[in-house]
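**Q** For reference, the chains in residue letters:
2 protein chains.
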Amino acid sequence: ECKFWGLGGDGTVGANKNSIKIIGDNTNKYVQAYFQYDSKKTGGVTISHLRFGDHPIRSPYYINMADFVACHNPSYITKGYKMVQAVKPGGVFLVNSQWTFEELERHLDAEAKRYIAKNRIRLVMINAIDLAQSIGMGKRTNTILQSAFFSLAKVMPEAEAIGHMKDAATSSYLKKGQDVVDMNHKAIDLGATAYEIVAIPESWATAEDKDRGKPVGGRPATVKMVEDILFPVARMDGDSLPVSAFVPHADGTFELGAAAYEKRGVAVNVPEWNENTCIQCNRCAYVCPHATIRPFALSGQELAAAPEATKSAPIKAGKGKGEYTYAMAISPLDCMGCGICVNICPTNSLTMMSLESQGAQQAVFNYMVSEVAEKKELQDNKTVKGSQFKQPMLEFSGSCAGCAETSYARLITQIYGDHMIISNATGCSSIWGGPAATSPYTVNKEGKGPAWVNSLFEDNAEHGLGIYLGQKKLRDDLAEKVKILAEGADAETAEAARAYLDTYCDGGANQAAASRLIETLEKNPSCDICREILSGKDYLNKKSVWIMGGDGWAFDIGYGGLDHVLASGEDVNVFVFNTEVYSNTGGQASKASNIGQVAQFAAAGKEIKSKSLAELAMTYGYVYVAQVAMGANLEQTLKAINEAEAYPGPSLIIAYSPCEMHSIKGGMVNCQVEMKKAVECGYWNLFRFNPALESPFTLDSKEPVGGYQDFLMNEARYSRLTMEFPERAETLFTAAEENAKARYDHLVKLKKLYE
Amino acid sequence: ECKFWGLGGDGTVGANKNSIKIIGDNTNKYVQAYFQYDSKKTGGVTISHLRFGDHPIRSPYYINMADFVACHNPSYITKGYKMVQAVKPGGVFLVNSQWTFEELERHLDAEAKRYIAKNRIRLVMINAIDLAQSIGMGKRTNTILQSAFFSLAKVMPEAEAIGHMKDAATSSYLKKGQDVVDMNHKAIDLGATAYEIVAIPESWATAEDKDRGKPVGGRPATVKMVEDILFPVARMDGDSLPVSAFVPHADGTFELGAAAYEKRGVAVNVPEWNENTCIQCNRCAYVCPHATIRPFALSGQELAAAPEATKSAPIKAGKGKGEYTYAMAISPLDCMGCGICVNICPTNSLTMMSLESQGAQQAVFNYMVSEVAEKKELQDNKTVKGSQFKQPMLEFSGSCAGCAETSYARLITQIYGDHMIISNATGCSSIWGGPAATSPYTVNKEGKGPAWVNSLFEDNAEHGLGIYLGQKKLRDDLAEKVKILAEGADAETAEAARAYLDTYCDGGANQAAASRLIETLEKNPSCDICREILSGKDYLNKKSVWIMGGDGWAFDIGYGGLDHVLASGEDVNVFVFNTEVYSNTGGQASKASNIGQVAQFAAAGKEIKSKSLAELAMTYGYVYVAQVAMGANLEQTLKAINEAEAYPGPSLIIAYSPCEMHSIKGGMVNCQVEMKKAVECGYWNLFRFNPALESPFTLDSKEPVGGYQDFLMNEARYSRLTMEFPERAETLFTAAEENAKARYDHLVKLKKLYE
Ligand SMILES: Cc1ncc(C[n+]2csc(CCOP(=O)(O)OP(=O)(O)O)c2C)c(N)n1
Ligand SMILES: Cc1ncc(C[n+]2csc(CCOP(=O)(O)OP(=O)(O)O)c2C)c(N)n1
Ligand code: SF4
Ligand code: SF4
Ligand code: SF4
Ligand code: SF4
Ligand code: SF4
Ligand code: SF4
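So the protein sequences, as listed, match chains A and B.
To convert, note that position 23 of the first sequence is 23 in the working numbering; the numbers rise steadily by one, no gaps.
To convert, note that position 523 of the second sequence is 523 in the working numbering; the numbers rise steadily by one, no gaps.
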């Protein structure tokens, strides 16, 4: 019985599937494999449970005590996951890290040490990280670790195991070229020898527990939830929680902002900022999916009190110049290491450095977040730069590193987060958006943040409309009462009431007016109508209602309802994360999938072009519609978001969202760049249709510049087809390019039609 | 306890609701009313069950034995409904008819006569039909009959009852003008006196049963079903059927063509044809919802054998001239008396005459249908005239008189009925299309007819797609085998196989080729592959798959699925009966409802314009789309149907369908005229979008000529608003007209865009 702790996407699960196949096919043993996942997207914890033996296996459950446990990710040691405690006395515990033994000793907690010492665990260390790098395999450590497993577990003669692994690698990678095969063979050879069995110091038997430390503070209800639920869950020990732990959440409500307590530390490398070359454009923060790189403007006092490791520079231009100091804070333990910020930086002022090296920046980030005051005068919803001086109210989510969905959602929370309600369809966005008790949506210092709720997959639009209509009814009733005040009350109250009514439909302004009205009313404890209004004070200000979900929801399963909601004419905003595939369930084709795209249910490439949800919605004439792609045009995305919210009817934004499922060459670090390419070659088009304008249609994309086929070949969801069905690939890809051209021509015609 | 047999739409139910209110409000009596309906739309049977008494009523069921039973429709006597058998001894049986006593005696069956005589039933006759006509109330006999009821039942002093009825009439009709009020008061006065109590001849006590007569023949399974189920059900005696009667239909399949055995005889007047003035254009047949007026071309022999009452004229022009004799046959007992045929006739060659007067024409119709051979050379799917020489395979349905839905559906069956599958959403079309055991869809002489199935309301499109895909798979498999034959077999077989394969995608031609192939194969009993092909012979020929339903289905509840099916690119045809309202459930607003329209859930007029389902579908670019309105352009409708079927991808036809629910001035006789008006004023637009063409978009509507407001005022679904909310009506109707103009302009622009 063997257990392997991996990081989602690191190949551990795949390698184990391969191992169990080798054992099953080449020995007389019975085999079984279970794969356990947490709720994080890539970057989450995976545990592979492998059983094999001479007798039929009748254990339909996970492994409790194993002969062999491997920890493929050093951060799991730091976090104190109970891994070695599941090794049987005398068994093997394999740890992969870049650490020396002394470093390992420092990170390993006392309980683990005592267990190792008392149970004669054979502790084995390996540094597959540097090894993989050195032979050109980048982050792919799984082959090396698989080989180490076979060498240590002795399921079959080592030479035989190596032979089988090599054969498997040959058949898997031959398509990718002989050099890839060779690299894998090398990794297999290395893995079998590169580990080291460690002698256990006697002192470990009596190692003493250190205080684990409490969350540094925050809203008490959140802290309680974090301690009672999030921490055990985060340690992969959630199964031990008693039902009573959930009593405070019996109605399904969880506290916001818990993700900030996770500090997962899963990135290998994180960005380091060069304050000297930085031009303070805030683009890095604008694209960061995880809100882990954020600009702050510090007063002299704030700068003085900042931690030593703080880097900063005077504000170089524009507002705040001569007054504030600029600091780009990075949260190493929350950063996912996607590198997108580095990629977008126009001045190369960010460099990826090892997580270790950036340790001191955590305190800086924490200081900025908790101690540095907002500088309202620098904030501006309408500019890329200004928007980033606002607090993101979506941070540290469990999405994949580099996920575009989260970059969009984060941005929206910066603009409307303090008076925003989100109705979220099931899909990736419900997983990274709302894992119970790990909420990445958070609140500002006044305790205001997005109210987030996940509906069924199929009825999210209707669900969001219902939320909006409920709010509207409550507000309309309150407004009737405020009208009475505006006409009758004392000058101050009447003035506040009028200000409230004047801004009734403007989310931002009404927020402030409502606060003032509430303050004024609270001064009149004897006024009946004031009390009545105050009893509904949470409903006074205009909420920004956002209905969010993926293309599977919006284009397919939820489309009937979405159409109904758009047709209703009501003032809701719909935001579609278009990954062109059902991402959350492993990549089934949706109607947003495009010609030639390989997906589940479209193994030979989809034949039919993607549905134009935008154009469908435009036929109503009274629906605001936009297609955006952040990386292609940061400003246009922001413009669309602002226009959508301002438009007093239904709005629909369809946001192109590159995704892990696309298998982009080089990985998700290229997420934003890929958007740019998509738009430049005409794969995706940017436009806005604003019924409030005389000429409602604005085509924001330029005429495609070519490179369509290169674009396709840069993503394995397409290039795969060339390998598997070369002729069909050619036909489909030609059709795809022609279709893209025709689509652009059609948009140009639409522009004319709407002039 | 009182029971009233009425005809759906004749006002009996309304009058009884009114009566029970009068009794409840003005006496100390306890009251109860149940209303029982058959599955026919207007024109079906209604039974109102009224109870009142001095004690609380605790009878949650229909009335079995009543003190008073009224038969408001003479045809129920002719049909032998068991009405009087439910009158308690000594009770009253009121019969409304234009008959003399002698005529009544002739029509009443022996069982009823014996019951009347033996139970001292007081038989009362009234001729409310002529009375209503004489005082200008047209077909509205209900007020007269209500008054007769109060006079006979003596629930309260007669004068008092008359007072209450008059008050009720005043308050109901004042809006419609004083003359309408006066007319109703007159009817009330008349009703109280115009009846006559009849003396019962002694001979009735021993009246002898006549043989009821068997159905005149037909397919044995159908005849059995008709006798076992349809007849008892049609006599409103279905509750007496044992479960075993349904055993032959345990799988839910019913025989086609049963409606022909109903001979409901519900029309008061039916058309009479003038063979001399008729120009033989067949337009009357083309629009008839019930397939009860049909042209035939007779050979000399057929003419010679025709019943005496046959009217005919030589064929005046075109094919068949000099060879055949033309006869327009009318089925008086199936005709619903809507008058639409009369209205459309360009030469006034049809006149509405009393049902009685046309009795002899039934035999003529029956003769033509059963004995006159098809004249293939006169048939033409592409012309209005030629299409009508084909057999309608939807006839005598239970739709309202004049219903547009059935005119469209009937036409489609004439073109594709013999190789057609219909997947029907729930809605009016599932009620008139498929009441169990009363199937109006029928078969031709070869036993071929539309296979019809009703799906759930919401998933009809998917259901139809599934049917299509199933057929496709079966055919594709068979075609593989036929290909083998085409290459290897003897010359004749190979030739038949090739002919089959060459016409594989052409429904009409493939039908013939498949028949020939089957014939050829059946000559080769020893050939294995022939036998294999023959085992699937029903699946060989290309079926025409039609997915049908109302706008509630297509625009709203089933739209998500419809979109998915259209997007799929598969070769199915979708036909939407657009009544702009959920007709079947009493008129709820749908997204097809238009600005200012009064409907359930839109009591103050809908504010939002109708959804353009056509334009939504056009955005795909590969979906054939058409908007039609038969009465506005007979040829265009036919063209669209032909093009839709010919197009080798998904097709969508949206057919404007005036409906009882629209309350058109003058009634449904104006159904087709109303379509013409709708198109002329720009309320509805005709166009076709055929992706197979270079310039796919054809705008068939001319520029609107004005008269938009007149059009609205001609339908109470709009004019109502003017009475109830005059100001709002003005605003909405202005908006509606502007929207219609903008829509037409938009279509002109689309035409350009697609040139
Ligand atoms: C009715 C229904 N069908 C299927 C599912 C399973 N399911 C959950 S998420 C998901 C995919 C979501 O895809 P998409 O909407 O594209 O969002 P993404 O994950 O790509 O962000 C599916 C199929 C479900 N929850 N409900
Ligand atoms: C899911 C579902 N909702 C509601 C109904 C009830 N229902 C039956 S027919 C009908 C109305 C059909 O309207 P439409 O599609 O416009 O057809 P029409 O009757 O106008 O021809 C409704 C609401 C149903 N059968 N199923
Ligand atoms: S590497 Fe990725 S997650 Fe980390 S700060 Fe940069 S953009 Fe954010
Ligand atoms: S993107 Fe680069 S230049 Fe711009 S703020 Fe970030 S680090 Fe500075
Ligand atoms: S949308 Fe794609 S990148 Fe984002 S979390 Fe889902 S799978 Fe990962
Ligand atoms: S009156 Fe109506 S039902 Fe009768 S034949 Fe004419 S069109 Fe058909
Ligand atoms: S519409 Fe009139 S002219 Fe034409 S076939 Fe009918 S009866 Fe004759
Ligand atoms: S669609 Fe209208 S006219 Fe036709 S059967 Fe239904 S209610 Fe009657």
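Honestly, I wouldn't trust all of these hints.
The list treats identical chains as interchangeable, and a pair is accepted whether it falls inside one copy or across any two copies.
[Unchecked claim] Cut-off 30 angstroms, straight-line C-alpha distance, at most; resulting in silico cross-link-like pairs (DSS-like, lysine-lysine):
#1 K702 with K751
#2 K752 with K29
#3 K676 with K445
#4 K82 with K311
#5 K166 with K29
#6 K382 with K210
#7 K481 with K139
#8 K448 with K186
#9 K749 with K702
#10 K751 with K481
#11 K665 with K154
#12 K752 with K741
#13 K537 with K17
#14 K665 with K186
Honestly, the hints are just simulated from the structure, not real lab data.
**Q** Would you mind marking each hint as holding or not holding in the structure?
**A** Consistency of the hints with the structure:
1. Within a single copy, K702 and K751 get their C-alpha atoms as close as 13 angstroms, and across copies as close as 25 angstroms, so both meet the 30 angstroms cut-off.
2. In the homo-oligomer, the alpha carbons of K752 and K29 never lie at most 30 angstroms apart, since the shortest distance is 71 angstroms inside one protomer and 72 angstroms across protomers.
3. In the homo-oligomer, the alpha carbons of K676 and K445 never lie at most 30 angstroms apart, since the shortest distance is 36 angstroms inside one protomer and 65 angstroms across protomers.
4. Proximity of K82 and K311 under a CA criterion of 30 angstroms is satisfied in neither setting, with 37 angstroms inside one chain copy and 98 angstroms between copies.
5. For the homomeric pair K166 and K29, the shortest alpha-carbon distance inside one copy (21 angstroms) is at most 30 angstroms, but the shortest distance between copies (95 angstroms) is not.
6. Taking the shortest alpha-carbon separations for K382 and K210, neither the intra-copy value of 49 angstroms nor the inter-copy value of 90 angstroms comes in at or below 30 angstroms.
7. In the homo-oligomer, the alpha carbons of K481 and K139 never lie at most 30 angstroms apart, since the shortest distance is 63 angstroms inside one protomer and 53 angstroms across protomers.
8. For a Cα distance limit of 30 angstroms, the shortest separation of K448 from K186 qualifies neither inside one copy, at 55 angstroms, nor across copies, at 71 angstroms.
9. Within a single copy, K749 and K702 get their C-alpha atoms as close as 14 angstroms, and across copies as close as 24 angstroms, so both meet the 30 angstroms cut-off.
10. Proximity of K751 and K481 under a CA criterion of 30 angstroms is satisfied in neither setting, with 45 angstroms inside one chain copy and 52 angstroms between copies.
11. Proximity of K665 and K154 under a CA criterion of 30 angstroms is satisfied in neither setting, with 37 angstroms inside one chain copy and 91 angstroms between copies.
12. With identical chains, the CA atoms of K752 and K741 are at most 30 angstroms apart both within one copy (17 angstroms) and between copies (19 angstroms).
13. Proximity of K537 to K17 under the C-alpha cut-off of 30 angstroms is found in neither arrangement, the shortest distances being 56 angstroms within a copy and 48 angstroms between copies.
14. Taking CA atoms no more than 30 angstroms apart as the test, K665 paired with K186 passes inside one copy only; the shortest distance there is 23 angstroms, against 88 angstroms between copies.
Hints 2, 3, 4, 6, 7, 8, 10, 11 and 13 from the earlier list are contradicted by this structure; the remaining hints agree with it.
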